[in-house]
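Required output: the full structure, derived from the provided sequences and hints.
Top to bottom, those sequences are chains A and B.
Just so you know, we're using this note's numbering here: the first sequence kicks off at 1065 and counts up by one.
Just so you know, we're using this note's numbering here: the second sequence kicks off at 1065 and counts up by one.
In case anyone wonders, no lab produced these hints; they're calculated from the structure.
One or more of the hints may lead you astray.
27 Å max Cα-Cα, derived BS3-like pairs, lysine-lysine [stated by the list, open to error]:
hint	chain 1	residue 1	chain 2	residue 2
1	B	K1221	A	K1458
2	B	K1380	A	K1428
3	A	K1100	B	K1090
4	A	K1196	A	K1379
For reference, the chains in residue letters:
Number of protein chains: 2
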Amino acid sequence: MSVCEFESLEKSLEAHLPEAELTEVKRILFGQGAGKLDLPSGAVEAACERNFELKGYRFDAVQEQLRPPRRTRVGLIQHHIVLPTDAPVLEQINAMHSRIGEIIEVAAMCGVNIICFQETWTMPFAFCTREKDPWTQFAESAEDGNTTRFCQELAKKHNMVIISPILERDELHSTLWNTAVVISNSGNVLGKSRKNHIPRIGDFNESTYYMEGNTGHTVFQTQFGRIAVNICYGRHHPLNWFMYSLNGAEIIFNPSATVGALSEPMWPIEARNAAIANHCFTCAINRVGTGLRDCASFSFPQEHFKNEFTSGDGKKAHHDFGHFYGSSYVAAPDGSRTPGLSRTRDGLLVAEMDLNLNRQLSDKWSFKMTGRYAEYAEELANAVRHDFKPHVVKE
Amino acid sequence: MSVCEFESLEKSLEAHLPEAELTEVKRILFGQGAGKLDLPSGAVEAACERNFELKGYRFDAVQEQLRPPRRTRVGLIQHHIVLPTDAPVLEQINAMHSRIGEIIEVAAMCGVNIICFQETWTMPFAFCTREKDPWTQFAESAEDGNTTRFCQELAKKHNMVIISPILERDELHSTLWNTAVVISNSGNVLGKSRKNHIPRIGDFNESTYYMEGNTGHTVFQTQFGRIAVNICYGRHHPLNWFMYSLNGAEIIFNPSATVGALSEPMWPIEARNAAIANHCFTCAINRVGTGLRDCASFSFPQEHFKNEFTSGDGKKAHHDFGHFYGSSYVAAPDGSRTPGLSRTRDGLLVAEMDLNLNRQLSDKWSFKMTGRYAEYAEELANAVRHDFKPHVVKE
Chain A
1065 MSVCEFESLE
1075 KSLEAHLPEA
1085 ELTEVKRILF
1095 GQGAGKLDLP
1105 SGAVEAACER
1115 NFELKGYRFD
1125 AVQEQLRPPR
1135 RTRVGLIQHH
1145 IVLPTDAPVL
1155 EQINAMHSRI
1165 GEIIEVAAMC
1175 GVNIICFQET
1185 WTMPFAFCTR
1195 EKDPWTQFAE
1205 SAEDGNTTRF
1215 CQELAKKHNM
1225 VIISPILERD
1235 ELHSTLWNTA
1245 VVISNSGNVL
1255 GKSRKNHIPR
1265 IGDFNESTYY
1275 MEGNTGHTVF
1285 QTQFGRIAVN
1295 ICYGRHHPLN
1305 WFMYSLNGAE
1315 IIFNPSATVG
1325 ALSEPMWPIE
1335 ARNAAIANHC
1345 FTCAINRVGT
1355 GLRDCASFSF
1365 PQEHFKNEFT
1375 SGDGKKAHHD
1385 FGHFYGSSYV
1395 AAPDGSRTPG
1405 LSRTRDGLLV
1415 AEMDLNLNRQ
1425 LSDKWSFKMT
1435 GRYAEYAEEL
1445 ANAVRHDFKP
1455 HVVKE
Chain B
1065 MSVCEFESLE
1075 KSLEAHLPEA
1085 ELTEVKRILF
1095 GQGAGKLDLP
1105 SGAVEAACER
1115 NFELKGYRFD
1125 AVQEQLRPPR
1135 RTRVGLIQHH
1145 IVLPTDAPVL
1155 EQINAMHSRI
1165 GEIIEVAAMC
1175 GVNIICFQET
1185 WTMPFAFCTR
1195 EKDPWTQFAE
1205 SAEDGNTTRF
1215 CQELAKKHNM
1225 VIISPILERD
1235 ELHSTLWNTA
1245 VVISNSGNVL
1255 GKSRKNHIPR
1265 IGDFNESTYY
1275 MEGNTGHTVF
1285 QTQFGRIAVN
1295 ICYGRHHPLN
1305 WFMYSLNGAE
1315 IIFNPSATVG
1325 ALSEPMWPIE
1335 ARNAAIANHC
1345 FTCAINRVGT
1355 GLRDCASFSF
1365 PQEHFKNEFT
1375 SGDGKKAHHD
1385 FGHFYGSSYV
1395 AAPDGSRTPG
1405 LSRTRDGLLV
1415 AEMDLNLNRQ
1425 LSDKWSFKMT
1435 GRYAEYAEEL
1445 ANAVRHDFKP
1455 HVVKE
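Structure below.
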């Protein structure tokens, strides 16, 4: 057992496989769609100085006769918390703002048009503790909270659409939500998308804090493409991705917070399957931190909680949720994907995509045309009835 | 570029990665659920003599108090055609019967309870030619065709449930179907499951031969578990897997015929995503053959067709569809999977699975409970209307 967290699948393959085999392995694992995107040297230097990984990829499409290319650059940011979890709440939030500010500056240098942060990015992912205090104090108004105002400034300054997933305080209904605020590059709040599916995984029950969202499957028309946000646990629900796609999403973001022991083998599968099945791009973002011995990131505080808590699994009380393994990536409708960001470091992934690829793949593979959705609508309406009789044949 | 088809991702990783890294890479790629299953030495010898790969894996579940373990062994067979595609039809069918007969004998030695063959296993996958003659002559009655009678004998002899995907001739309705015949271990035909989604991929349009199936999402209750069959292109449709699962399927088989250039990066994703999303086991089976230079299998005839045909892609007329890359595998509800069989050799994959794992995973991850299906039934009914208005927010 290494004393460090394993840094990345991709690095391991590149370090050890002979070139001819590496080419085949990468083709099978990642497809052939993602090429390297050259990024400005100033951005590369700044990322190095500011201690985060910077990677660029591009997905091209065939040149059409009647539509010009529709190239959009998206940015995915994964990061540690910045201050310890017992620092004053406002200081923690402000420190996270500063960190994002310095990363997004590099995103701007890379020409990013739409950027998405990780789930509840302004706070530690403290829902495993089941404590209300101080964690609900991180909740803010989606429309005019500090964090939204901070993002509005950045959006205007960098001419960038920003997806800012926060813990939302909804004063109007005296309730909390897990919400992505979508801010236009004009600086206006375009709207919000609430988490549709709330985890009950073992004893990890986020409905202690917020319930299933009521914003449906809203799609946001931006200057850079039609986007939607499927927050975290919603990636396990193929119908959730599907309905965003039926509403016209060309890129679906999946800001997440998930740990290794629980979900890591599922991580490369679900968002990518959604890109294939729905002829769209998907962007999966996971935070980093709290490795057993997280060497590469020892300079960051970890998501360690002062009060111990149990997890309903027979194990002793403990102080953290597990290792958030990063590995953020972009998947394309042709089944290809980018390599993942590091499992341990803060990072910015820049992906340029020609959105024309979606319709080209749809015209080729025809999943929507062959989907028989009217029949499924009937079958599903029947299946949810309490007296549903499954169609089972016996001898 | 090698003169041979690349044999397997797994072999390449095992040959080159240092042990500690290999462990992590395998954990991330395959999860940790599949252990090695010891197979009888007689079976291993027979597989070697008969020139096919034999692999065994097991998926365990936690021992429960109120249910005994429900261990089932499934077998997946992938194979080349046996005679050239211009041999007399009946000789081709009979040769394929003999080949399957000798592989299934080994499956019986391994204690397999349920076995599934590849899509339209009695014939070359000739639908790319768009010729009716002689390919429609391979069609047989699902109820009392030669192949079904052959399978009934095997089922009784080996006490095995057999899933036999064939080209079906439905005399009653003067039509053809792409159909899996499910034969009970008693030897009785339990029923049939027709391909629900028919590919229109580029110019590859199987509806030249058969249309969308009308058997819905039938599940078969066998002595060894509740099973369903999602044929080939249906794996791209998450709703198809989902509806089999809602009808109670514990294992969903996906007999396929698909080639590298088209689908290989999607192959490890889709069936596995279905196992995760639906808390069930899935078994993906693909044929082998027709590699550019298919060294490992040069002793088998390839799926080479006498008359050249074009593929609507601007390329020159050619004589084969591409490389069927095998790589059959089993995926489990915990996100883990077996390694794939070879990309080039005939093979039998034996997987023992404790079906109790499905409910255990469902109780842990709760995707069905958190699925909000009643709301999706409404949304979908609305979305299929010709005057559907997508929910798009603009500035």
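A quick look at each hint next to the structure:
For a cut-off of 27 Å, the pair hint linking K1221 of chain B to K1458 of chain A stands: about 21 Å separates their Cα positions. A threshold of 27 Å between alpha carbons decides the hint, and for K1380 of chain B with K1428 of chain A the separation of about 19 Å falls inside it, so the pair holds. With a C-alpha separation of about 26 Å, the suggested pair K1100 of chain A and K1090 of chain B falls inside the 27 Å cut-off, and the hint holds. For the hint pairing K1196 of chain A with K1379 of chain A, the CA-to-CA distance comes to about 23 Å; that is within 27 Å, so the pair holds.
When the structure is compared with the earlier hints, no violation turns up for any of them.
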